[in-house]
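Undergrad: Those protein sequences? They're chains A and B, same order as listed.
Adding 1214 to a residue's 1-based position in the first sequence gives its number in the numbering used here.
Adding 1214 to a residue's 1-based position in the second sequence gives its number in the numbering used here.
The reader is advised that the hints may include incorrect statements.
A short list of chain B residues far from chain A (calculated; beta carbon distances all over 10 angstroms) [claimed, not checked]:
1. 1234
2. 1273
3. 1296
4. 1312
5. 1450
6. 1536
Taking lysine to aspartate or glutamate and the EDC-like style, the derived pairs with C-alpha atoms no more than 20 angstroms apart in a straight line are [what the hints assert, rightly or not]:
7. B:1234 / A:1263
8. B:1343 / A:1262
9. A:1231 / B:1263
10. A:1323 / A:1412
11. A:1231 / B:1238
Far from chain A, by Cβ distances over 10 angstroms, these chain B residues were calculated [said to hold, decoys possible]:
12. 1217
13. 1241
14. 1267
15. 1270
16. 1272
17. 1279
18. 1298
19. 1300
20. 1310
21. 1313
22. 1336
23. 1358
24. 1499
25. 1535
26. 1566
27. 1586
Derived by calculation from the structure, the hints in this document are not laboratory data.
Backbone N, C-alpha and C fix where the C-beta goes; we use that ideal spot for every residue, glycine too.
Protein chains: 2
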Amino acid sequence: MGLIVQKYGGSSVGNIKRIKRVAERIAKTAEQGNQVVVAVSAMGDTTDELVSLARAIHPDPPHREFDMLLATGEQVSISLLAMAIQAQGHDVISLTGAQCGIQTTQVHKKARIESIQTGRLNLELGEGKIVIVAGFQGINADNDITTLGRGGSDTTAVALSAALDADRCEIYTDVDGIYTADPRKVETARKLDAISYDEVLEMASLGAQVLHPRSIELARKYQVPLVVRSSFSDNPGTEIIEVNQLEKVSVRGISLDDNIAKITIIEVPDRPGVAFALFSRLAQEHVRVDTIIQSAHRNTVNDISFTVNDEDNEQALSITTAYAAEIGAERVLHDPDVCKLSVVGTGIAGNTDVAAKLFGSLSELGINIQMISTSEIKISCIVSQPEGLKAMQHLHDVFELGSSSPE
Amino acid sequence: MGLIVQKYGGSSVGNIKRIKRVAERIAKTAEQGNQVVVAVSAMGDTTDELVSLARAIHPDPPHREFDMLLATGEQVSISLLAMAIQAQGHDVISLTGAQCGIQTTQVHKKARIESIQTGRLNLELGEGKIVIVAGFQGINADNDITTLGRGGSDTTAVALSAALDADRCEIYTDVDGIYTADPRKVETARKLDAISYDEVLEMASLGAQVLHPRSIELARKYQVPLVVRSSFSDNPGTEIIEVNQLEKVSVRGISLDDNIAKITIIEVPDRPGVAFALFSRLAQEHVRVDTIIQSAHRNTVNDISFTVNDEDNEQALSITTAYAAEIGAERVLHDPDVCKLSVVGTGIAGNTDVAAKLFGSLSELGINIQMISTSEIKISCIVSQPEGLKAMQHLHDVFELGSSSPE
């Protein structure tokens, strides 16, 4: 008994049959005596189809109109889901982001939620209704529809949970939970019963992709108890909780991110502020730089290497090339065939065994580590892409993460 | 130079190519120095597809959620049209019914516009923008999305014209204008340059179907100057104006409505209030009754015949059958194979020649007139359906409505 927020992604409501199945699950949750608020994504490929329509009309569709268009996707899925729940005899109402009081920043295509005015939500809940909310969207101060960008529906669900002080936020997706490694790549990968916000954040941003980092950050900030479960089974999923509630484990998982590229500027004059200026320019253009290494070359010049996501690759390269010319650097190298292999787990920073095992294993396999970065809970190595998968599978065994037999 | 409201129906924006063509027409209107506000329907078959989705989920979808679903159709078309106009270098903004301040009654699926709060509209026009408004939809006092039912987008355009005191309201459709008779049925049918509100109202409600009666009624009430034109050509279309601006013509057109059925109650006890009670019940269930005849049979009983639209047919029949049993009428007859043939034109009522010619012509053709109704501007005859088309073609000649050769 309590207030449960659920989130269903696009594949969970991808067709009429699936919408009906989701409706049954929601009805069941309500029948157990819970108040239920549900955030829903657009059906299946709807968003992609809408994007194609827009691009057929305008090479770079104006952002405000783009959001106006995309927001219809969730409006379709919430109304259909509400109909399906009503067909099961439950009182239900669907709300657009605007009707739900989801106030966002002004910017289109990647707005951030500023607040949720819960008046209408509480009114409908007070009348005993299940409330179905359009994920991924909100409204800005101009009364214009905004969308939240990647991971938007997860973020909607977590923000609703925080605003309503929900007892639990359940994220339904097409996988069973969070694994020690990508099960498509590591046969013996094992589903985790629990993981900490920080750990899952590393797993997510490093390619596990079950939850978007911004939704996890929000959940951590407001201490929203999260569960990731499959909408196609009754398996219990993975709980995401505070680290102090977790059993002490050193390494919890291995993640691999293929979607990165490495950029290197050779022979950068060694003057104060040179690196700062480069990374400022990249930041201004919203290019997210990840791992950075600066290596002293000779007395007067350095090499600077950094990695970016594939999607920022082209922009980063053009900014860097222009900058290199300005400051008189020797040249810019570009390597798209790299990947980032990470060992994740609370306590890694204080455990020298992990680093020793990691570097030792890669060395045994003859794999060259191009860059290294570490944090409290992870050690990441940039290696060449063809070697990444083999390394991940090997490390999964070395750290004894697997189940005894493939699940 | 002035403020022009345009309306484009679903077929006019049925695909990307057509949307671009409509955008060109709108851009041209703006380039001539006009302020432009556009009401748009959903693309092509979108609404039908959404209805099918809903019915696949719920046999009788809850009306509020139905409107939530249907309203996405126009939201897609306005955003795409705005993108297409922006691609031509014009400042433009799309507005949903809610954003446009279109306040409606509470009822879903067939709401009526109560007022338009023009604040946002005037703001955007003041900034020099073309404004694209979602037709067919509004918002009620609960902040819920409503739809206006049949003819909704025409009504939106006319209501916007009235609220903004527009200089002209142009209704773009897939025909050239309003004809003396349906050109698919009468080869020599001729396009009218002008017609009065009252006349077009008779033509529309009698099957000409270019404009929905409610939009014409609204235009007449607020004296909105209407033009009906094709979105596929540059032909001037048909102006709809006050009768006193029209040249004196007796008969302006012939219309034929196939979508009616006749219901007759045989031997109704002749007591005061019996007919009233029947038509009250039908009205309560929103069945629109058209022509009515009550014929004295013997001293104590009458027959009552009336016609209804095909869509109300089943409901009307069940209400009438139940009522007939209650009052002890003999039986109920039902004839779906009838049609309504009308001769329309200002001044018909005062011109006995018209009636004489009409009845004489039908008699020559050996056609039996089952019911007759008249108004200031029309004479309608209910005849058997197989005879309707032949009669219309003949009358079109008799009243010399045709062009000398087919257009």
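Undergrad: Determine for every hint whether it applies to the structure shown.
TA: Here is what the structure says about each hint:
A Cβ of chain A approaches the Cβ of residue 1234 (chain B) within 10 angstroms, the least distance being about 7 angstroms, so the stated non-interface status is violated. Not every beta carbon of chain A lies more than 10 angstroms from that of residue 1273 (chain B), the smallest distance being close to 8 angstroms; the non-interface claim is violated. Against chain A, the non-interface label of residue 1296 (chain B) is violated: not every CB pair exceeds 10 angstroms, the least being about 5 angstroms. For residue 1312 (chain B), the condition that its CB be more than 10 angstroms from all CB atoms of chain A is violated, with the nearest at approximately 8 angstroms.
With a cut of 10 angstroms on Cβ distances, residue 1450 (chain B) stays outside the contact zone with chain A, its closest approach being about 29 angstroms. For residue 1536 (chain B), the non-interface assignment is confirmed: its Cβ lies about 29 angstroms from the closest Cβ of chain A, beyond the 10 angstroms cut-off. Using a Cα cut-off of 20 angstroms, the hinted pair residue 1234 (chain B) and residue 1263 (chain A) holds, with the two alpha carbons roughly 18 angstroms apart. For the suggested pair residue 1343 (chain B) and residue 1262 (chain A), the alpha carbons sit about 29 angstroms apart, so the restraint of at most 20 angstroms is broken.
Distance restraint check for residue 1231 (chain A) and residue 1263 (chain B): the Cα-Cα separation of roughly 17 angstroms lies within the 20 angstroms cut-off, and the hinted pair is therefore satisfied. About 27 angstroms separates the Cα atoms of residue 1323 (chain A) and residue 1412 (chain A), which puts this hinted pair outside 20 angstroms; it is violated. Our distance criterion of 20 angstroms between C-alpha atoms is broken by residue 1231 (chain A) and residue 1238 (chain B), whose separation comes to about 42 angstroms. The beta carbon of residue 1217 (chain B) sits about 23 angstroms from the closest Cβ of chain A, which is more than 10 angstroms, so the claim that it is off the interface holds.
No Cβ of chain A comes within 10 angstroms of the Cβ of residue 1241 (chain B); the nearest lies about 14 angstroms off, and the non-interface call holds. At roughly 6 angstroms, the least C-beta separation between residue 1267 (chain B) and chain A is not larger than 10 angstroms, which violates its mark as non-interface. A beta-carbon of chain A is positioned within 10 angstroms of the beta-carbon of residue 1270 (chain B); the least distance is around 5 angstroms. With a cut of 10 angstroms on Cβ distances, residue 1272 (chain B) falls inside the contact zone with chain A, its closest approach being about 4 angstroms.
Residue placement check: residue 1279 (chain B) does not keep its beta carbon more than 10 angstroms from all beta carbons of chain A (closest about 5 angstroms). For residue 1298 (chain B), the requirement that its beta carbon stay farther than 10 angstroms from each beta carbon of chain A is not met, with the minimum near 5 angstroms. The claim that residue 1300 (chain B) is not at the interface with chain A is violated, since a C-beta of that chain comes within 10 angstroms of its own (minimum 5 angstroms). Interface exclusion of residue 1310 (chain B) from chain A breaks down, the closest Cβ pair being 8 angstroms apart, not more than 10 angstroms.
Listed as a non-interface residue, residue 1313 (chain B) fails to keep its Cβ farther than 10 angstroms from every Cβ of chain A; the least gap is roughly 6 angstroms. Listed as a non-interface residue, residue 1336 (chain B) keeps its Cβ farther than 10 angstroms from every Cβ of chain A; the least gap is roughly 15 angstroms. The Cβ of residue 1358 (chain B) does not lie farther than 10 angstroms from every Cβ of chain A; its closest approach is about 8 angstroms, which violates its non-interface assignment. Distance check on residue 1499 (chain B): its Cβ is at least 23 angstroms (rounded) from any Cβ of chain A, clearing the 10 angstroms threshold; non-interface status holds.
The Cβ of residue 1535 (chain B) lies farther than 10 angstroms from every Cβ of chain A, with a closest approach of about 31 angstroms, so its non-interface assignment holds. With a least CB separation of 57 angstroms from chain A, residue 1566 (chain B) remains clear of the 10 angstroms interface cut-off, as annotated. Listed as outside the interface, residue 1586 (chain B) is consistent with that label: its C-beta sits roughly 46 angstroms from the nearest C-beta of chain A, beyond the 10 angstroms cut-off.
Of the hints listed earlier, those the structure fails to meet are numbers 1, 2, 3, 4, 8, 10, 11, 14, 15, 16, 17, 18, 19, 20, 21, 23, in rising order.
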